[in-house]
Amino acid sequence: MQMRQSTITIGSSQREQLIDITPHLSDFIENSGFKTGQLSVYAQGATAAIMVQENWDDSVQNDVVTLLAKLIPRGIWQHDRQDGNGDSHLKAGLVGPSETIPVIQGKAGLSTWQNVFFCEFDGPRKHRHIVLTLIGI
Amino acid sequence: MQMRQSTITIGSSQREQLIDITPHLSDFIENSGFKTGQLSVYAQGATAAIMVQENWDDSVQNDVVTLLAKLIPRGIWQHDRQDGNGDSHLKAGLVGPSETIPVIQGKAGLSTWQNVFFCEFDGPRKHRHIVLTLIGI
Amino acid sequence: MQMRQSTITIGSSQREQLIDITPHLSDFIENSGFKTGQLSVYAQGATAAIMVQENWDDSVQNDVVTLLAKLIPRGIWQHDRQDGNGDSHLKAGLVGPSETIPVIQGKAGLSTWQNVFFCEFDGPRKHRHIVLTLIGI
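Chains as they are written, first to last, in this note's numbering: chain A, 1 to 137; chain B, 1 to 137; chain C, 1 to 137.
Source of the hints: derived by calculation from the structure; they are not laboratory data.
Incorrect hints may have been included.
Pairs involving identical chains hold if they fit within one copy or between any two copies, as the list cannot separate such chains.
[To be verified] Listed next, the in silico DSBU-like pairs over lysine-lysine satisfying Cα-Cα at most 30 Å (straight line):
{"hint": "1", "residue 1": "K70", "residue 2": "K35"}
{"hint": "2", "residue 1": "K107", "residue 2": "K70"}
{"hint": "3", "residue 1": "K107", "residue 2": "K35"}
{"hint": "4", "residue 1": "K126", "residue 2": "K35"}
{"hint": "5", "residue 1": "K126", "residue 2": "K70"}
Here the structure is a predicted model, which is why all the values come from computation and not from measurement.
Chain A with its partners taken away, still in its complex shape (with noise of 0.2 Å):
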């Protein structure tokens, strides 16, 4: 049993945005060469989160920051009397940074219709980190 860690850097374009980083991972996963394992992926950052979601067009991802905005209304909150976010963390907090994906036969154990999104919630950014540690054989 090994391990490989690896952190990617993607930008974002909207204040509230999910991003495809299914192929960063398939990528790491095959370079990896192992048949068998776990991915654990993290999103660093208060106001991001990792979401596993549908990616058959781009429907769901707009409804998820239609869902959020809804529950989690902006300019209500304590937080926002510092930095006028409070919003985005809270949505970040609820989603969460963290989520652990199966590898099975040399390749990320999702469904036919499950990708993984990067969440941000508090953007535009140039630089969003996200880490990724494999244990596999």
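Dock chains B and C against chain A, hints included.
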């Protein structure tokens, strides 16, 4: 340190339902012979998730379905134009498909009232797959 | 690659409260001597959870309690007929008991403003247990 991986398959009988999968996890841990470790549980399917929740009786499981129906109503999402299951995807994404459980003294390190549930959000389905990846000593 | 496991015990002073446990995690990582790895953090207790959140001051922690009280009100759940804490279980299930954090260059791979919090949803309690499982090299 060694790794074991297995996929369990279950069925669901309702559109939205929590199904206790703890016995499957306990069997898998016991069969490994590992005394200390961690077990990653991953639900395949973009309308399914994993939740750790109380299992004293059905009340909390029913409450989870009620809560999510209240927070994420049916029929108002952009994705509904395609599949009519926009709410299922949003519920799955918010709860999340992965939880990582410790293994302590040869058993799942849950507390007395914690059990691990597969969350069905777009059933009934005959076949739902959950991947278990166990690393231990 | 090696594994370390430890359980930390903390108390809570309020019914709903976020408690920063990052120093415990940092000590555990430093004592292991591992340079690269992953740390799984798991809250035992069906009315508790783990959330990664900002720790600049108390404002976001207060906002988390406010948000969850708004999304999941007290006293309207089926489980309340038994324990009166239906909301506590729902909050715990939605936030979730596990987060997996990378270890980078011998330290927790958090960003500047990310800290790891134990979420109490049914306190005060004298003893709450959090299991740390660390795999590293």
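Evaluated hints:
1. K70 <-> K35: Result: close neither inside a copy nor across copies, 42 Å intra and 42 Å inter.
2. K107 <-> K70: Neither way: K107 and K70 sit 36 Å apart in one copy and 37 Å across, limit 30 Å.
3. K107 <-> K35: both (7 Å within a copy, 26 Å between copies)
4. K126 <-> K35: Cα proximity of K126 and K35: across copies only (28 Å, versus 34 Å in one copy).
5. K126 <-> K70: Within. Shortest intra-copy distance 27 Å satisfies the 30 Å Cα cut-off; inter-copy 34 Å does not.
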